[in-house]
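Asks: With the hints as a guide, bring the two chains together.
If you read the protein sequences in the order shown, they are chains A and B.
Using the UniProt record's numbering, the final residue of the first sequence is 257, and nothing's skipped along the way.
Using the UniProt record's numbering, the final residue of the second sequence is 276, and nothing's skipped along the way.
FYI, nobody ran anything at the bench for these hints, they're computed from the structure.
A few of these clues could be false.
As the list claims (entries may be wrong) - Covered stretches of chain A, going by a simulated chain B footprint (3 or more residues, C-beta under 8 angstroms): (1) 126 to 133; (2) 152 to 161; (3) 175 to 182.
To be verified - With a Cα cut of at most 20 angstroms, we get these calculated EDC-like pairs of lysine to aspartate or glutamate: (4) B/K229 with B/E177; (5) A/K59 with B/E177; (6) B/K96 with A/D118; (7) B/K68 with B/E177; (8) A/K123 with B/E98; (9) B/K96 with A/E121; (10) A/K155 with A/D118.
Every value quoted in this text rests on a predicted model; they were computed, and no experiment measured them.
Backbone N, C-alpha and C define an ideal beta-carbon position, used for all residues, glycine too.
Now for the letters of each chain:
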Amino acid sequence: MSLEYTSAEMMSVTAARALKNGMTCFVGIGLPSEAANLARLTHAPEVVLIYESGTLQTKPDVLPLSIGDGELCETALTTVSVPEMFRYWLQGGKVSVGFLGTAQIDRFANLNTTLIGDYREPKVRLPGGGGAPEIATNAGEVFITLKHSKRAFVKDVDFITTLGFGRDGKGRDGVPNIGKGPTRVITDLCVMKPDPETKELVVVSLHPNVTREDVIEATGWEIRFAESLETTPEPSAHELEILRELKARTERKHAGE
Amino acid sequence: MAEFLSLHDAVARYVEDGATVAMEGFTHLIPFAAGHEVIRQRKRDLTLIRMTPDLVYDQMIGAGCARKVIFSWGGNPGVGSLHRLRDAVEKGWPHKVEILEHSHAAMACAFEAGAAGLPLAVLRGYVGSELPSVNDQIKFIECPFTDERLAAVPSVRPDVSIVHAQKADRAGNVLVEGIVGVQKEAVLAAKQSIVTVEEIVEDLRTEPDYHPNACIIPGWAISAVAVAKKGSLPSYAHGYYPRNNAFYKEWDAIARDRDTFTRWIEENVMNAGGNA
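Chain B extracted, bound-state conformation (with noise of 0.2 angstroms):
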């Protein structure tokens, strides 16, 4: 049964050093609060797994959270390089971290590998690509039935994962909506779990917009639930608010300068209290 805690003590009970930590949601729904939290209680040498690190992940990198970084599309979204990312990795700062990277196909499936508890993966991937020359995770294998020869990757299971959702009811019920991305595989695949919520309702199932097929993570399948209001900003979170394009556009100028990064940092993250 998921435990109604703050964002500060979530991450402070569920984030330690050194821990491997999966923050999800597919350009949707991106729990910026929750990696403001981690932030700002100095967490470190992490593992960061995330499909598209964003600029969440430029952020905790650049403020030193991360050792390794494991994904599939490391770019800031229409705009262009994570600066934070690249200057990690090409230039070791604020320290050398290491990346591990994938296709989008592979880490969905890893996930959800996870999620139902095997230790792979299996898929039809990486044909002619260049990138199991890079990262000893991928391997193929040999289908037993057709001889096919196939992909296969490790599957993905955190210490911890972190996703943002529209709402939580009483019992810590979690509903899902609009892009729901990995987030119940990330959800299903960790030993455990913070969910960041826009609001709590009673009960989810008396909800004008509940329905039986509606995209719910129960309650017992959850560490924690803190309320996080506008939590996923600058992403967005449907039916709540939109997607801050500018501010994706602005980052760009913001992360490209060490120090510019830094005093963004410190006046938005480490001295904005709880509600960054």
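Excised from the complex, chain A in its bound form (with noise of 0.2 angstroms):
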């Protein structure tokens, strides 16, 4: 029998499901962040998340507002300055996996969190790069989450805020010292990865009772489908159950502040 769930909790449990034991997370706010906790109070309760804000290995109650809230550095390890956490942990090759989401993001996994328009006369004005630009060359490889839609899902981003692999997909090409950059993008829909020549996202994964059209219709590009496509597995009770919890205590304590 199957479970009722949402398509933002196939989402969530499904990107957290990428995260495991061993690895060491830079978690970005929003999405990623709900993934990221949900991995730990799951299957993967050894994974180490740390936070721009200079918390390491940090292990929230409730998610997080904002990336420095109160809860992230009493539940860590240990709080760092801010520039010690680029320099030292993430510049340094302490990170395996930078987890970002975004407003826009582009066939070659460029992410823009600038603004949509023109740099000087935008139409949408976002909050701009923070942590990520160099979360996403610095970290050994990036997972990257958000809501499928063709305002997001554009062939060329306005801007590139974030590398993904350039405008030509050999953005990384040559570079020292740099990640693999990103190597899946998880929706409520599906999961991409890139082509491993081209570097063109390619969706290899369905979640259930979606289909390509469904896909094909959310893309701003004519978007491709690897040739073994698989179906995505459900989210279990339990992940439900844990992130249903989660997302309550969350609001019962934000809403009670």
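Replies: Listed below in structure tokens is the structure:
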């Protein structure tokens, strides 16, 4: 018998499953934080989570609203300064996975969190780079999670805030001391991975009850599908229970403050 | 040796119109009380530096204090946009504000380089990013030893830095605890510095939780210390009070509209005496 779950829950659980014990993950706020903590509370209790506010090996009981909530510091092994975080821990090569969200992503997994439109005359001004530009190049690899829509998945991003594989897919070629870059993109419809040759994103797995047409509809370029297209495994009852508890706890905490 | 001043006098003395000001605190210990004092004293044409402008700069920008903002992430964390920052950049209200944007790594390095007295910071950064095309303060240099191409940004060296901390003692030594951000770097990088604190204690070294590796900024490295109780609300002070997450959410509606914002500033900052 199939469980009842939402597409958002499907996305979080799938993103969480990408993390394993033994990984050290530099966590972005929002969906990545939800997925990373779900992983820690289910199959990957030993995964090391670090946030750019300097909190190393943190185990928050509720999801932080900001990247520097007190919860992150109080439950961390230790808290270092922000320069130390970026220089020693990230640039120094101690982070295996960067887990990022984004406003816009293109076919070469470049991320835009700067603006929609022209830089001098923006249609929509977004918050900017934050930690992402260096997380994406200094972490061993990058996981990206966001909701699938035509507005978010565009052929070419308006602005490359954060490198995926560049405008031509060759942005990392010949660059020394650079991470592998995006290795998977997890949405509420599917999982994508970059083509090993061209680096263009390819759908490798469709979530249950999602069709190719659904993904084509929600993607702003002619999306390709892997030859051996898989079906993403459903969330388990345990994962759903832990995720729902985490979100309810978080909501209670933030409403009460 | 730090001088003990009222917040009013510290801001009046050290924050001049046209100055370059860094008010730090990475989501924690954000110096809101000091920001409000700057607004009350109607300081103008400031170049405001902060990794995350947050609500404090949104308020100062909307109140007309800023000429230029240097930052690396300009949102309301977990909520959305900083509407006053956007209105100033996109529509020029209350006047046009110039922006210069970096990444967190570059700004953190730039603060550290400022503290170290260097003219520039070097990092393995901005690879493949288009930020260098819109920020002429981002350059690339070649490592003289390995030929690796590295990013370089000018160090941050503010005229004045303002930070908030938990405690100072009678000698003006300051203890910063919890998420320490770039506060120590900001103070050491600046020509002058103001530290606001929750409370003054006799001697930090005899405090029950003192330990030899505590993050202490010595009084002789600070220009002025001022007491500002709850001085970082609606952000938080580790060990004193939590972040007012509900206010961060409410701010979205307050800041979205110019009139509502102006009324809020009048009621909560301009007419709030020295305690807002």
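Asks: None of the hints should be skipped; say for each whether it holds.
Replies: Consistency of the hints with the structure:
no. : hint               : result
1   : 126 to 133         : holds (count 8)
2   : 152 to 161         : holds (count 3)
3   : 175 to 182         : holds (count 4)
4   : B/K229 with B/E177 : holds (16 angstroms)
5   : A/K59 with B/E177  : holds (19 angstroms)
6   : B/K96 with A/D118  : holds (18 angstroms)
7   : B/K68 with B/E177  : violated (30 angstroms)
8   : A/K123 with B/E98  : holds (17 angstroms)
9   : B/K96 with A/E121  : holds (13 angstroms)
10  : A/K155 with A/D118 : holds (16 angstroms)
Violated hint for the displayed structure: number 7, the only one.
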